[in-house]
Amino acid sequence: MEQSELIRKITAAFLTGDRWMLYLKGLGITMQVAVMAAVLGVIIGTVAAFMKISVRKNGKKTILAHIANIYIDIIRGTPSVLQVMIMYFAILASSKNGVLIAGLSFGINSGAYVAEIIRAGILAVDKGQTEAGRSLGLSNFQTMCSIVIPQAFKNVLPPLVNEFIVLLKETAIVGYVGLSDLTRVANQIASKTYDFFTPMIGAAVIYFVIIKILTKLLDRLERRMRRSDNR
Amino acid sequence: MIIVKELYKQFEENQVLRGVNYHIHPGEKIVVIGPSGSGKSTFLRCLNLLETPTGGEIWFDGQKINDPKVNIDEVRRHMGMVFQHFNLFNNLTIMNNITLAPVKLKLMTEEEAKENALKLLRRVGLEEKADAYPSSLSGGQKQRIAIVRSLAMNPKVMLFDEPTSALDPEMVGEVLEVMKELADSGMTMVVVTHEMGFAREVGTKVLFMDEGNIMEENTPAEFFSHPKSPRLQEFLSKVL
Ligand SMILES: Nc1ncnc2c1ncn2[C@@H]1O[C@H](COP(=O)(O)OP(=O)(O)OP(=O)(O)O)[C@@H](O)[C@H]1O
Ligand SMILES: [Mg+2]
Numbered sequence: 001m002e003q004s005e006l007i008r009k010i011t012a013a014f015l016t017g018d019r020w021m022l023y024l025k026g027l028g029i030t031m032q033v034a035v036m037a038a039v040l041g042v043i044i045g046t047v048a049a050f051m052k053i054s055v056r057k058n059g060k061k062t063i064l065a066h067i068a069n070i071y072i073d074i075i076r077g078t079p080s081v082l083q084v085m086i087m088y089f090a091i092l093a094s095s096k097n098g099v100l101i102a103g104l105s106f107g108i109n110s111g112a113y114v115a116e117i118i119r120a121g122i123l124a125v126d127k128g129q130t131e132a133g134r135s136l137g138l139s140n141f142q143t144m145c146s147i148v149i150p151q152a153f154k155n156v157l158p159p160l161v162n163e164f165i166v167l168l169k170e171t172a173i174v175g176y177v178g179l180s181d182l183t184r185v186a187n188q189i190a191s192k193t194y195d196f197f198t199p200m201i202g203a204a205v206i207y208f209v210i211i212k213i214l215t216k217l218l219d220r221l222e223r224r225m226r227r228s229d230n231r
Numbered sequence: 232m233i234i235v236k237e238l239y240k241q242f243e244e245n246q247v248l249r250g251v252n253y254h255i256h257p258g259e260k261i262v263v264i265g266p267s268g269s270g271k272s273t274f275l276r277c278l279n280l281l282e283t284p285t286g287g288e289i290w291f292d293g294q295k296i297n298d299p300k301v302n303i304d305e306v307r308r309h310m311g312m313v314f315q316h317f318n319l320f321n322n323l324t325i326m327n328n329i330t331l332a333p334v335k336l337k338l339m340t341e342e343e344a345k346e347n348a349l350k351l352l353r354r355v356g357l358e359e360k361a362d363a364y365p366s367s368l369s370g371g372q373k374q375r376i377a378i379v380r381s382l383a384m385n386p387k388v389m390l391f392d393e394p395t396s397a398l399d400p401e402m403v404g405e406v407l408e409v410m411k412e413l414a415d416s417g418m419t420m421v422v423v424t425h426e427m428g429f430a431r432e433v434g435t436k437v438l439f440m441d442e443g444n445i446m447e448e449n450t451p452a453e454f455f456s457h458p459k460s461p462r463l464q465e466f467l468s469k470v471l
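Going down the list, the sequences are from chains A and B. Numbering of the first sequence is given in our numbering, commencing with residue 1 and proceeding in unit increments. Numbering of the second sequence is given in our numbering, commencing with residue 232 and proceeding in unit increments.
One or more hints might be untrue.
[What the hints assert, rightly or not] The calculated lysine-lysine pairs, modelled on DSBU-like cross-linking and capped at a C-alpha distance of 35 Å, are:
#1 A:K57 to B:K360
#2 B:K459 to A:K127
#3 B:K350 to B:K360
#4 B:K337 to A:K216
#5 A:K154 to B:K295
#6 A:K9 to A:K192
#7 A:K212 to A:K9
#8 A:K57 to B:K387
#9 A:K154 to B:K337
#10 B:K360 to A:K60
#11 A:K61 to B:K236
#12 B:K350 to A:K61
#13 A:K192 to A:K127
#14 B:K337 to A:K61
#15 B:K335 to A:K61
#16 B:K350 to B:K236
#17 B:K387 to B:K350
#18 B:K360 to A:K127
[To be verified] Chain A residues, not near chain B, derived (Cβ > 12 Å throughout):
#19 K9
#20 L22
#21 I70
#22 D73
#23 I75
#24 A90
#25 V125
#26 K127
#27 E131
#28 A132
#29 L138
#30 I149
#31 V166
#32 G175
#33 Y194
#34 V209
Source of the hints: derived by calculation from the structure; they are not laboratory data. The beta carbon of each residue, even a glycine, is placed where N, CA and C say it ideally should be.
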């Protein structure tokens, strides 16, 4: 009896009316938003990071640095659900493309965190590297491109993958703006079948597996970097 | 070749250099010694403007270089610098460490730079390390490469900031040897060091820095046998 009940629930949650396809579609939406946001986040974050570390000749911060600071402050100081909703219901209310709006919104959000990651990665490169480059007559730009950024890249890659993992989970709130992402799909199926447990567990397992794969990749990446450090 | 006039350098409230005057002539080997915190590194780093003076003038080859209008990158090509912690580029092979600047600055083609690098590496006995990365080298090897990297730019003067202080004792000799050869080849050198033997043997002038100024200057023989100021006498009694 117990067993047949479980089978009934699983059937209702995943098989009836090919419901498993809904999960896949939901996962598709989740991934679209996350990947779009990640790409945008890296672009915005890189620009913001370089703005933030820019200094004037007299050693003071540039206006660009202040702008980057304000942007990072605002993003980090407000909940991402609100950011998405503000984008959807206020700023881009006329657009019907939910995925685009969510991707844009999360991209802007992620950019602030990526900026901090990249900035930290650049600052973590020993100052002596820059001094050596400059003392040879290389310009600040040449030193950055040939010496600092390649070394910062290694510092930055693992936390960037980590940021993507966080992002992937954070997108679970896009249901608030009407997107049928993986979490929302599970919720919808749950209210149809009156069984919340099974669809939710189903969705959780899917998130978990994908993130597990990413973490494994991250582990391998970090090990490779550590090895190439003591070449 | 380098003229320092009334050089002041201040870090926030901390007045580190207090009106240093000095004239370095071509071919001289100036050795700078002095207690920790006396401003030796700051003085040296002001010469190629790694530190920006807060007052005074630095002249190099007839040009006042601490002037916003001067292209400092151009000036620095002619002034090599060797650091206490080597600062080899960790992301590049030894060969690329040496050829990066000459090639990027379009002073040599890639082939010329490589050929020149091999010649220099042979001079310090490290040509088999050309394709290695810095992390696989010993400290002494790293410092010899760092010297070679600066030499690849054909500088007119070489600045050394405690080049042997971070080395295990058994590696100090190999680096000093390279520096001696460089001195013999006629290079103008400014060397901050604690190696009194080197100062005596290689220096044409020895400077004693204390409290942000040059307290005493003399030929090595006089400097060590007849120190004038009590501060220098006290300092020498501690280090010799
Ligand atoms: N970037 C900096 N910012 C603030 N203070 C500095 C900086 N660099 C040096 N100082 C200060 O300037 C003073 C002189 O430092 P400097 O490194 O020139 O001394 P030094 O004679 O080279 O000493 P050492 O033998 O220990 O290398 C010290 O009090 C130091 O704390
Ligand atoms: Mg010093």
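Next item on the list: Would you pick out the hints that fail for this structure and give their numbers low to high?
Entry: Hints 1, 2, 4, 5, 10, 12, 13, 16, 25, 26, 27, 28, 29 and 30 are the ones this structure does not satisfy, whereas the remaining hints hold.
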